[in-house]
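K.L.:
Next come the chains, spelled out residue by residue.
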Amino acid sequence: MPGQSLFQRIAGQIGLYGAIACYVVFALLPIYWTIKISVTPQDLLYSEGIRLWPSRMTLDNYASVLKASDFPRYFLNSIIVSVTTAIIVTAVASFAGYALSRFKFRGKALVSLVLLLTQTFPLVMVIPPIYRIMGQLGLTDNLYGLIIIYTAFNIAFATFLMQSFLDGVPKDLEEAAMIDGCTRLDALRRVILPLTLPGMGATVAFVFTAAWSELLFGLMLINSESQKTFSVGLLTFVGKFAVDWGQMMAASVLALIPVCLFFLFLQRYLVTGLTAGAVKG
Amino acid sequence: MTAIAEDIGLLQRQADRRRFIEPWLYLSPALILIFTVLIVPLIIGISYSFRKFSAFHSEYVGLDQYRAMLGDKVLHGALINTAWWTVASLVLQFFLGLGLALLLNRPFHGRRLVQGLVFLPWAVPIFLTGLTWAWLFNPVIGPLPHIFHAIGLQAEPVTILADPQTAMWGPIIANVWFGIPFFAITLLAARKAIPSELYEAAAIDGASPWQQFTKVTLPFLAPTIAITVMLRTVWIATFADLIYVMTAGGPAGSTNTIATYIYVSAFKSLDKGYASAIAVLLLVLLIGYALIVIQIRRALLRDV
Amino acid sequence: MASVSLRNVHKKFGPVTVLESIDLEIADGEFVVLVGPSGCGKSTLLRSIAGLESINGGEIRIGDRQINHVAPKDRDIAMVFQSYALYPHMDVRQNMAFSLNLRKSPAELIAERVTAASAKLGLGSLLERLPKQLSGGQRQRVAMGRAIVRNPKVFLFDEPLSNLDAKLRSTMRTEIKALHQSLKTTAIYVTHDQVEAMTMANRIVVMHDGIIQQVGPPLELYDRPINIFVAGFIGSPTMNFFDAVSAGKSARLGDGSALALPASAAVKAGQEIVIGIRPEHLHFSREGLPGTVVVVEPLGMSTQVTLDAAGERVTLMALERPKLAPGEAKYLSAKPEDIHVFDRASGLRLN
Chain A
1207 MPGQSLFQRI AGQIGLYGAI ACYVVFALLP IYWTIKISVT PQDLLYSEGI
1257 RLWPSRMTLD NYASVLKASD FPRYFLNSII VSVTTAIIVT AVASFAGYAL
1307 SRFKFRGKAL VSLVLLLTQT FPLVMVIPPI YRIMGQLGLT DNLYGLIIIY
1357 TAFNIAFATF LMQSFLDGVP KDLEEAAMID GCTRLDALRR VILPLTLPGM
1407 GATVAFVFTA AWSELLFGLM LINSESQKTF SVGLLTFVGK FAVDWGQMMA
1457 ASVLALIPVC LFFLFLQRYL VTGLTAGAVK G
Chain B
110 MTAIAEDIGL LQRQADRRRF IEPWLYLSPA LILIFTVLIV PLIIGISYSF
160 RKFSAFHSEY VGLDQYRAML GDKVLHGALI NTAWWTVASL VLQFFLGLGL
210 ALLLNRPFHG RRLVQGLVFL PWAVPIFLTG LTWAWLFNPV IGPLPHIFHA
260 IGLQAEPVTI LADPQTAMWG PIIANVWFGI PFFAITLLAA RKAIPSELYE
310 AAAIDGASPW QQFTKVTLPF LAPTIAITVM LRTVWIATFA DLIYVMTAGG
360 PAGSTNTIAT YIYVSAFKSL DKGYASAIAV LLLVLLIGYA LIVIQIRRAL
410 LRDV
Chain C
9 MASVSLRNVH KKFGPVTVLE SIDLEIADGE FVVLVGPSGC GKSTLLRSIA
59 GLESINGGEI RIGDRQINHV APKDRDIAMV FQSYALYPHM DVRQNMAFSL
109 NLRKSPAELI AERVTAASAK LGLGSLLERL PKQLSGGQRQ RVAMGRAIVR
159 NPKVFLFDEP LSNLDAKLRS TMRTEIKALH QSLKTTAIYV THDQVEAMTM
209 ANRIVVMHDG IIQQVGPPLE LYDRPINIFV AGFIGSPTMN FFDAVSAGKS
259 ARLGDGSALA LPASAAVKAG QEIVIGIRPE HLHFSREGLP GTVVVVEPLG
309 MSTQVTLDAA GERVTLMALE RPKLAPGEAK YLSAKPEDIH VFDRASGLRL
359 N
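Residue numbers (my numbering), protein chains in the order written: chain A, 1207 to 1487; chain B, 110 to 413; chain C, 9 to 359.
Hints are computed from structural coordinates only; laboratory data are not their basis. Hints are not guaranteed to be accurate.
[Claimed, not checked] Within a straight-line C-alpha distance of at most 25 angstroms, the following computed BS3-like cross-link-like pairs (lysine-lysine) qualify:
1. C:K161 - C:K192
2. A:K1377 - C:K338
3. C:K112 - B:K301
4. A:K1377 - C:K192
5. A:K1310 - C:K20
6. B:K301 - A:K1377
7. A:K1314 - C:K20
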């Protein structure tokens, strides 16, 4: 920028990169540390506890987690629950978001308000009744119950996201399609939704992440080992083997992988998609 | 002639009815799900708060549970902790997130990579966040106690989670780590939506960078700030997972918030009635808070 | 190809009436232009004919068929949008073939129609391109190609040229008119630009505040506008208006000067009227309306002179190049048969 001295410019750059470095280090420290411990051999764990990197690396922890424990089972359960939830939520939210984006109707403001308020629901608030109802319906201790609950809890935010993305698609595209011979539903399917694919991807990633991370309902509703999700499994693992840090860290790293990959790839679309929607209103 | 006119009238009315129902058809799956899984249990939950539960049956006790709440010292402690927990987490997250958003708005080498990396904490499952930070604070395998000792913050390297005075900071820091990306993403998106001509005009008018921030950025960001702060406050206040995993409410109840207290009451002590009463209290506080913020946002939008 | 008939069409948005008692008969093959200022209801009317908006009362027929309650896709119409509304994820060929693909038409039919349409519009080399790779004018043509392929009963145009620059606009105007002459399909065209209306229409429909002001061939609206609104809307530069009071065979203007009224004027003495004179009908004379020159704008073929006269800003179009200086005093006059007389209260034409 004209008007700044060379000194100001250099100081500004140093400040900028310095601040960014701080944020990056802060963000990565826990993850880095988890990875580090996960590849530290058992015997070096206490003596080298605080070194930046173990003197000897090992993949034994990963091996034992993958082969000798129930983790692969937990992993699979979490994948099933998270993927199913993400797909169902995105589909339902696309329709709901479309309704809020395109139509003017009496009660629209009320619906938006209700959705917003359900976002603010304390999860804990509905734990007692849901536990009882799920018990009566025979949905405890299996994955279906979890899927239903996770879906309901994520609908509101996903709808908000999809509405934002759909606002970025011009209305006359579906009008043109309707004149060309589509019903509104056809137009939505053939013309509008293909154009919101990045947005849908971002929503899927978001819901997947939320479902993957969920703990309390899983803890409450699932008891048998074969149905536990990753989060529940890891927590009970912590309780059982209080001191096998290496294995726990290895399990944690494995838990992180799908989610971080998803997110790294799709967070870009979140920003651009939200911006486009924001510009429209 | 009349018969044809009637037919057309009927078709017209059918078409009108279809037009009227259309938006609701699209909304129905979402609304049905929310109603059955959230609203019905909510109402049931509220009804629980008027009952007392024991091993095999429940009885209607009117406002007894609420009266019990008034005298519950643990609850009072939890309320204070909740306030601490919420405010400290929120303030730190927000300002650090805002700072990050503004930094990411400027061009620099490797920005795309950095953007991906600093948003990672949001992707990490909560329980993992809690566990990992608990480990980081653990002197056996974590670096932090030793760092704190080295720079003089602690007399000796111990985990801050064991001391009732400092325990709350553990979850707070973990929560801040987790929450910065939320604010950074939403504020960055909102910031990008501000047309650059406004900044150019301000610069020509003689505004300093600070003035540009306060006179252009902040007013435009205000509605987004209101909504994100409100959402996040509510999420934080009702967040039991993180604290539960790190400290389970201890030591000595110093990290017990309303949310963890409800969870523990409902689960461990089997008194769903009492848990529900506390949850109702929480709900009322939150709805009141949400409505206030919505009003503020509406007022802000009108001015922009 | 079919006629379009609108009878007593009403539409309200909440408490606001946007279309009132619209009666319009459009003959098969006609090119009708709906024109008027922003908010007059022309787009709403077009969209009601398309089925994108519903109406609260009245009848819309295409051919013999009443279509009030029929969905847009079943009305057998095609529409060209102001923003073209091309499907961004499909190339030009797919855009044009979309409607036929929906009806599962045989591949040879689709190929034949798409080739014919693209030949007519010069799109042959662009068939594989995506909309974002096309210029504004090219996108415009693809939008029209998409409409032509449909072979509809009626073409609807919603301000299709508004997003183009001036030069492209005049080229496309001619192209659309030529296209209509070759296809002979009924067309309804909405614009706020009265030049487009004048040059393209068989008949013009002037609308204001949801009400049809006048319907007729362009020159009829130009020569015999039915009220002050139409008189002031059609024609550029706009007609000059003077408040006056009639005194039998002449009228007294605000500054005291008098103008001779045409014989056909049905005015009573003392009636408050408005006199309208088109800029090309005003002449400099030795006596008449006194005025002061303000600005002289040479246009080459003609000269536009702005004067202050009778308390109004007056525009005069001269085919010669008069030597004038700002501030000069001149006299203006017009032939009585060129003068338009309107009743001041109702705005209606009196001659």
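K.L.:
All hints, please: hold or fail.
P.N.:
Comparing the hints with the structure gives:
no., hint, result
1, C:K161 - C:K192, "holds, 10 angstroms"
2, A:K1377 - C:K338, "violated, 56 angstroms"
3, C:K112 - B:K301, "violated, 44 angstroms"
4, A:K1377 - C:K192, "violated, 30 angstroms"
5, A:K1310 - C:K20, "holds, 15 angstroms"
6, B:K301 - A:K1377, "holds, 23 angstroms"
7, A:K1314 - C:K20, "holds, 20 angstroms"
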